[in-house]
Amino acid sequence: MSTKKNWPLWEVFVRSKNGLEHRHFGSLHAADEEMALENARDVYTRRSEGVSIWVVESKHITASNPENNGELFEPAQDKVYRHPTFYDLPDEVKHM
Amino acid sequence: MNTNLYKYILSIADNSLILGQRMGALTGHGPSLETDIACTNISLDLFGQVRSYYQYAAKIKGDNTTEDDIAFLRKEREYLNVLLVEQPDTNFAFTIARQFLFDTYHFLFLEALEKSHDITLSAIAKKSIKEVSYHRRFSSDWMRRLGDGTQVSHEKVQEAINVLWTYTDELFHQTEADIVMVKENIAVDVTKLKDHYYNTVKKVLEEATLEVPESKWFQKGGKEGIHTEHLGYLLSDLQYMQRTYPNMEW
Chain A
1 MSTKKNWPLW EVFVRSKNGL EHRHFGSLHA ADEEMALENA RDVYTRRSEG
51 VSIWVVESKH ITASNPENNG ELFEPAQDKV YRHPTFYDLP DEVKHM
Chain B
1 MNTNLYKYIL SIADNSLILG QRMGALTGHG PSLETDIACT NISLDLFGQV
51 RSYYQYAAKI KGDNTTEDDI AFLRKEREYL NVLLVEQPDT NFAFTIARQF
101 LFDTYHFLFL EALEKSHDIT LSAIAKKSIK EVSYHRRFSS DWMRRLGDGT
151 QVSHEKVQEA INVLWTYTDE LFHQTEADIV MVKENIAVDV TKLKDHYYNT
201 VKKVLEEATL EVPESKWFQK GGKEGIHTEH LGYLLSDLQY MQRTYPNMEW
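Protein sequences appear in the order of chains A and B.
Residue numbers are given in this note's numbering: position 27 of the first sequence equals residue 27, and the series is strictly consecutive.
Residue numbers are given in this note's numbering: position 53 of the second sequence equals residue 53, and the series is strictly consecutive.
FYI, nobody ran anything at the bench for these hints, they're computed from the structure.
Any given hint could turn out to be false.
[What the hints assert, rightly or not] Which residues of chain B face chain A? A few of them, derived with a C-beta cut under 8 Å, are: (1) Thr27; (2) Asp45; (3) Gly48; (4) Phe138; (5) Asp141; (6) Val163; (7) Thr166.
The beta-carbon is built from N, C-alpha and C at its ideal position, and this holds for glycine as well.
So that you can see chain A by itself, here it is in the shape it has in the complex (with noise of 0.2 Å):
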């Protein structure tokens, strides 16, 4: 397919319900914004996913870098007292 070679990448976030935030559903590609929503519509939410649908071109996302995993994220791991896990909770507290 060589449409493929132009047209840019796009990831798709699809709010399912009013209320809820927006989640990654995936990526398709697309022209130009305009289709990659239709695109979007027609790929994502065809079985009432969707009451929103926001695209961004791939490129504009800035992502870590999955090498740089250890000092960015390694130094949390022995900290468990950022977590608190050291109270006691009433019974009353639910879903903490």
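Chain B: place on chain A using the hints.
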């Protein structure tokens, strides 16, 4: 049985059935995954509408007729769709141009059908118009993209419009059943949609930098059951399963 009403329902439903079959047959053959799914979605929308119409028609016909009988067991000359929708998918430009020329009509038609005194038809129209409004947006957008795209896409879509143009006039022909139904405030008077239709089409063609064909000669016959050679092949695909295994169900 109210034969005029029965025929009138079929003439609406058959357009959606045949175009739905055309679009559905593209599954897996679209130019890109995204466009492929879009064509299939349109097909499914149309089939959904077809079911509502045929269920209604089956009730009118009686004799334990089912929607499947109407869809799958009629002969070629008993299909009342316009010639436009049975035209083949010569290339993607033809697919889009056919869709665009039909969607523009379909939207205006359903808008008018909503006002029908037949409450079932009016309800189906109301439900379908949102879907068709999206189809129209999809195909008009693609007309602009192809027309105002590369030189090759421009040439291909211009050729498609030139070829399919001769099938547009039939959209506004009335059969005897139509005329009776219009008098009873059930049918849409399609002759009144014609100017609006051509103005809308011309506007999109201009935006797409395409030329409006000047042909004064038009094809006709579909509404009377006289079809182009393409319908027979389409029906042999569509009807294969019911003809080979009568009464089979999924």
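key: Unsatisfied constraints (hint numbers, rising)   = 1, 2, 3, 6 and 7
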